[in-house]
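Required output: the full structure, derived from the provided sequences and hints.
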Amino acid sequence: MIVIKKLIYSIVAKDYAIHRLIIRDGLFFIIQFVIANIYTLLTSQSILSVRETIILGVINLLLLFLIIFVINRVLIHDFNMKVKPVDYKVDSYTLSKAGGKEFYTIRTNDGVKVIDKNRIEVIHAKVPTEDKKKIETTEIGYAELKIPDGLPDFQSDVFIKMLKKIKNPSMLMTFKYVKDDEPRNQQKNGRR
Numbered sequence: 001m002i003v004i005k006k007l008i009y010s011i012v013a014k015d016y017a018i019h020r021l022i023i024r025d026g027l028f029f030i031i032q033f034v035i036a037n038i039y040t041l042l043t044s045q046s047i048l049s050v051r052e053t054i055i056l057g058v059i060n061l062l063l064l065f066l067i068i069f070v071i072n073r074v075l076i077h078d079f080n081m082k083v084k085p086v087d088y089k090v091d092s093y094t095l096s097k098a099g100g101k102e103f104y105t106i107r108t109n110d111g112v113k114v115i116d117k118n119r120i121e122v123i124h125a126k127v128p129t130e131d132k133k134k135i136e137t138t139e140i141g142y143a144e145l146k147i148p149d150g151l152p153d154f155q156s157d158v159f160i161k162m163l164k165k166i167k168n169p170s171m172l173m174t175f176k177y178v179k180d181d182e183p184r185n186q187q188k189n190g191r192r
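For the sequence shown, the residue numbers in our numbering are 1 to 192.
What the hints contain is simulated information worked out from the structure, not anything from laboratory work.
One thing to keep in mind: the hints can contain errors.
What the hints assert, rightly or not - Below, a list of computed lysine to aspartate or glutamate pairs in the EDC-like style, where the Cα atoms sit at most 16 angstroms apart:
#: 1; residue 1: K164; residue 2: E121
#: 2; residue 1: K89; residue 2: E139
#: 3; residue 1: K132; residue 2: D180
#: 4; residue 1: K146; residue 2: D157
#: 5; residue 1: K82; residue 2: D149
#: 6; residue 1: K164; residue 2: D116
As the list claims (entries may be wrong) - Computed Cβ-Cβ distance ranges for the label pairs, DEER-style:
#: 7; residue 1: D157; residue 2: I23; range: 16 to 24 angstroms
#: 8; residue 1: K89; residue 2: K117; range: 18 to 26 angstroms
#: 9; residue 1: I23; residue 2: V74; range: 16 to 24 angstroms
#: 10; residue 1: D153; residue 2: I22; range: 24 to 32 angstroms
Ideal placement from N, C-alpha and C gives every residue a C-beta, glycine not left out.
Laid out in structure tokens, this is it:
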């Protein structure tokens, strides 16, 4: 299984991997077509009909789509299993503009992080609470997807490429605590 995964990752790690698969499938189809025509010519003194050629082409396309589907499933499964969000507590953040681009400067408990505005999702949420000390206070958190250390090079390279394709690999969250209008441990009729 490890050999198959290495093969899949080595295919994806190279640029234009899907284009190469399509070209190889096309060459495979041509070879099959030539062999099938030679076989039918030797056995029945005729060539493949249009219908048989279309069936051969459809089978090759289905094989290509199945291979691409399996590769994507393996990669997505591994990505979801190994790349996890890491949470940070935020002291402050600012939205800045430089060089025509907007970005967030976020001061976390793990240092300052500068993230492109388009690569971060900002969520503002009101959280009901019964704790009178927390009402009208705000907590800010930051979470980002992290590739764990110690992965083999073939895996980490592919995961880095996958992270670059994700629209929002990080999230900035503000939680404002508000008074809970309906206490959770009371019933509808007002009894406790």
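Each hint, compared with the structure:
1. K164 to E121: Status holds; Cα separation ~15 angstroms.
2. K89 to E139: 8 angstroms, holds
3. K132 to D180: 10 angstroms, holds
4. K146 to D157: 13 angstroms, holds
5. K82 to D149: Distance of about 10 angstroms is within 16 angstroms: holds.
6. K164 to D116: 12 angstroms, holds
7. D157 to I23: 16 to 24 angstroms: 23 angstroms, holds
8. K89 to K117: 18 to 26 angstroms: 21 angstroms, holds
9. I23 to V74: 16 to 24 angstroms: Holds, at about 22 angstroms.
10. D153 to I22: 24 to 32 angstroms: With a Cβ separation near 26 angstroms, D153 and I22 satisfy 24 to 32 angstroms, so the hint holds.
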